[in-house]
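If you're matching them up, the sequences are chains A and B in order. Residue numbering for the first sequence follows the numbering used here, starting at 1 and increasing by one per position. Residue numbering for the second sequence follows the numbering used here, starting at 1001 and increasing by one per position.
Hints are not guaranteed to be accurate.
In the EDC-like style, the derived pairs of lysine to aspartate or glutamate whose C-alpha atoms are separated by at most 20 Å in a straight line are [said to hold, decoys possible]:
1) B:Lys1028 with A:Glu76
2) A:Lys78 with B:Asp1014
3) B:Lys1028 with A:Asp81
4) B:Lys1116 with B:Glu1092
5) A:Lys41 with B:Glu1038
6) A:Lys86 with A:Glu71
7) B:Lys1028 with A:Asp31
Non-contacting residues of chain A with respect to chain B, defined by C-beta distances greater than 10 Å in every case (computed) [unchecked claim]:
8) Thr2
9) Glu13
10) Leu17
11) Glu20
12) Val23
13) Asp31
14) Ala42
15) Asp63
16) Ala70
17) Ile80
18) Asn84
19) Glu99
20) Leu104
Worth flagging that the hints you see were computed from the coordinates, not collected in a lab. The beta carbon of each residue, even a glycine, is placed where N, CA and C say it ideally should be.
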Amino acid sequence: MTVRQLANNEGFEALALPEEDRVIDGVYIGDLLSWVMGRAKADNAWITIMSNINIVAVASLADVACIVLAENVSPEQKVIDMANAKGINIIKSALTAYEVAVLLSKNN
Amino acid sequence: MDDLLKFTYAVDGDNFTSAGQASVNVKKNLRQLGFDAETIRRVSIAMYEGEINMVIHAGGGNAEVFVKDDCIEIVLTDNGPGIANVEQAMQEGFSTAPDNIRSLGFGAGMGLPNMKRYTDSMTIESEVGKGTKITMKVLL
Ligand SMILES: Nc1ncnc2c1ncn2[C@@H]1O[C@H](COP(=O)(O)OP(=O)(O)OP(=O)(O)O)[C@@H](O)[C@H]1O
Ligand SMILES: [Mg+2]
């Protein structure tokens, strides 16, 4: 599934989709940034509730397909601006991390 | 051996918003030079962890990246407090990060272990009260 297709699901909202055609391969869930850097794989959807500016650099360097902010966590506008500038996709979801992962698993 | 290319960055110690910019820039440069995705990922993650450590633990520092014939070398130098017990600092889960830093998602004590894991060699020279120099190599 592409990042755009994920964002089109009920309960999801695209916050920044500069690379909307990226294909999601697998999921990583976590909020501790160095843990994510060490364990997430390229092209994963990274599901987190961490929304500060540093998630953009982490997503860029770990080369994940997108950041999914679970449980309606909302970042500040500067995070969205930075994501657009750096080519990082951010999607917000009303679902829990678990529910987002289940949805992605069903669609893979 | 001659350095084919060198990138140098001053890492600002009190700006969290721009923390990681040097690593993101290195990633971009390596991509333009045509390196494979996995090499770029390893170099930029290792550098990011070191860069963030200099911001959080050392009040900033200096980052140099050398692109050589057979490897990419990252040298991080700071004049921070130094690391008293390097062996302990290298253990997964060891962290002295304060609470306000932890609330941002840092402080898992995984940074130095990640740097070691993603590179082919890593040396830490550190003196308490003087600073820290970390040299990492990713072989090509
Ligand atoms: N450049 C540095 N100067 C002084 N101390 C450092 C430096 N880098 C690391 N340390 C020390 O080593 C510890 C472990 O570093 P490490 O990067 O593994 O974890 P962390 O930075 O605390 O958390 P994380 O990287 O998971 O966000 C730090 O908490 C700090 O005490
Ligand atoms: Mg660290």
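Evaluated hints:
{"no.": "1", "hint": "B:Lys1028 with A:Glu76", "verdict": "violated (25 Å)"}
{"no.": "2", "hint": "A:Lys78 with B:Asp1014", "verdict": "holds (18 Å)"}
{"no.": "3", "hint": "B:Lys1028 with A:Asp81", "verdict": "holds (19 Å)"}
{"no.": "4", "hint": "B:Lys1116 with B:Glu1092", "verdict": "holds (11 Å)"}
{"no.": "5", "hint": "A:Lys41 with B:Glu1038", "verdict": "holds (10 Å)"}
{"no.": "6", "hint": "A:Lys86 with A:Glu71", "verdict": "violated (24 Å)"}
{"no.": "7", "hint": "B:Lys1028 with A:Asp31", "verdict": "violated (25 Å)"}
{"no.": "8", "hint": "Thr2", "verdict": "holds (19 Å)"}
{"no.": "9", "hint": "Glu13", "verdict": "holds (22 Å)"}
{"no.": "10", "hint": "Leu17", "verdict": "holds (19 Å)"}
{"no.": "11", "hint": "Glu20", "verdict": "holds (20 Å)"}
{"no.": "12", "hint": "Val23", "verdict": "holds (14 Å)"}
{"no.": "13", "hint": "Asp31", "verdict": "violated (6 Å)"}
{"no.": "14", "hint": "Ala42", "verdict": "violated (6 Å)"}
{"no.": "15", "hint": "Asp63", "verdict": "violated (6 Å)"}
{"no.": "16", "hint": "Ala70", "verdict": "holds (14 Å)"}
{"no.": "17", "hint": "Ile80", "verdict": "holds (14 Å)"}
{"no.": "18", "hint": "Asn84", "verdict": "holds (14 Å)"}
{"no.": "19", "hint": "Glu99", "verdict": "holds (22 Å)"}
{"no.": "20", "hint": "Leu104", "verdict": "holds (22 Å)"}
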